[in-house]
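Those sequence lines, one after another, are chains S and H. Every position in the first sequence, counted from 1, becomes a number in the numbering used here once 5 is added. Every position in the second sequence, counted from 1, becomes a number in the numbering used here once 5 is added.
Just so you know, the hints here were simulated from the structure itself, not pulled from any lab data. Nothing here was measured: the structure is a model prediction, and the numbers come from that model. Check each hint, because a few of them may be wrong.
[Said to hold, decoys possible] Not everything, but these chain S residues come out facing chain H in the computed CB check (under 8 Å):
no.: 1; residue: F190
no.: 2; residue: L198
no.: 3; residue: I224
no.: 4; residue: R280
[Stated by the list, open to error] Which stretches of chain H does chain S cover? Using the computed rule of at least three CB atoms under 8 Å from a CB of chain S, they are:
no.: 5; stretch: 215-224
no.: 6; stretch: 241-251
Every residue, glycine too, gets a C-beta built ideally from N, C-alpha and C.
Number of protein chains: 2
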Amino acid sequence: MLAGTITIVGVGLIGGSIGLAAKQRRIAQHVIGVDTNQARLEKARQLGAIDPAGYETSTATSLDDVVIVCTPVDQIAGQVLVMAKAAAKGTLITDSGSTKAIIVHEVENQLLEGVAFVGSHPLAGSERQGPDCAVPNLLDGKVVVVTPTKKSTPIALTRTVALWESLGANVRLMSPEDHDRAIAFTSHVPHLLASALAGSLDDSLRDLTASGFRDMTRIASGDPSLWTAIFTQNRQAVLSGLDKLDDRLKEIAESVRNADWPKLTSLLAQAKKVRDALGS
Amino acid sequence: MLAGTITIVGVGLIGGSIGLAAKQRRIAQHVIGVDTNQARLEKARQLGAIDPAGYETSTATSLDDVVIVCTPVDQIAGQVLVMAKAAAKGTLITDSGSTKAIIVHEVENQLLEGVAFVGSHPLAGSERQGPDCAVPNLLDGKVVVVTPTKKSTPIALTRTVALWESLGANVRLMSPEDHDRAIAFTSHVPHLLASALAGSLDDSLRDLTASGFRDMTRIASGDPSLWTAIFTQNRQAVLSGLDKLDDRLKEIAESVRNADWPKLTSLLAQAKKVRDALGS
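Okay, chain S solo, but in the shape it has when bound:
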């Protein structure tokens, strides 16, 4: 048992999956859901991702509580601060946002009395949304980046790491800034690329797309507002990542334009090596 109560704010794909895993692995005495969308909250209850309504208030616990804020990135800092005010002393708060620097610093610039906050980002997102898509093994073997700062206490950091590990994930520690730069290239830029590809497909060509095109554009089905919020919070790193990608794309295009086939083969071979190393 890791926590008295785990409160999940935002019971969508990630929040719902955390709830299912927490219940299945019995890492808390109670799993409470909070969501502005009552239908989603009810759905999460039906699926067993959170405790039945009313149940959560019935028992005092001796273990410290945990709050995980799994809402769109532009709402996370505000919700962390609201939860901090309502939380019992000793509560650990973390989140699941795809950006970290702005969220972490906004939270740390406000005084949290008696509670601790450490930022987190489980690399387990999807173009799908909502508790219906939640699965208890979403985090199994996945990487969760935890982003401590100078202000993080060792105890809070240890608890944050233990939380994600108890949910089945592998934790990697990075500063919020390093996280944002890295994820800009591994997630945010790919999203823009997928969107550019899907968005420039002529209607007449839809029937001529096969698994390659579908795989490459799948994430373009993600929610535009959620993603725009991410880009507002990671603008510079995304622009740098786009530049980097553009350099490589230009090099490839030049080799095709110049019919420099040995050069093209070598660029393709280098990329294949990188991709093969990632596994399926």
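Please arrange chain H on chain S, whose structure you already have, making use of the hints.
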């Protein structure tokens, strides 16, 4: 029964899958494999994708034969012409190449006596290779583009369409040139994009790639030589496709650079609409 003998030249993923489907659906009396790689040929035999060695020569048939050339695109035209010389009168030859104009015109510029050729392209490729990856349902419900020209006889075209339909595919007719322009955007440009993304990933970021990055770069694991051959045969259309994509990517990058978030959301929303329409 559609053919006396189906001869598959090149028993890799596509050729092997065609063999398995042809046997399972009993569309020919014999399925013969031809491959310069003896180990691959033996593997295809073991998997039941082609008939046992020696078996193929034992029976004369009353049905006309079919030859399907499933080799790298730069070898197809030459192999079609070789097979044409050896083929019985009335044989239909087709192929599975990812480019069509160069192959079709190279073949049609040579006189094929007593045999017919119509180009085909099953949209069922993969980054995987070899008969080990072959499956009998690879073509089920997939699109096969068949590319007749003025020189194609109605009978040859009808037989080509019937062949792919009997293997479970849906046929779409296009000119070789229209095919190449379309596939440049739905397959060849995405390949370069996947390759650019994988190729510009820093080693230190490998652990931070999740399913989105993996989906987007999967096809970058394709064989560099096979793909270079494709690009040599579809250079202009690929360059046009890259330009088109680049325009869209620039528009997206500009909206991020200018922090024009409503514009970015609208670009993402338009792309999501296209992608959602493609299905999973």
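Exercise. When the hints from earlier in the document are held up against this structure, which numbers fail?
Worked result: none
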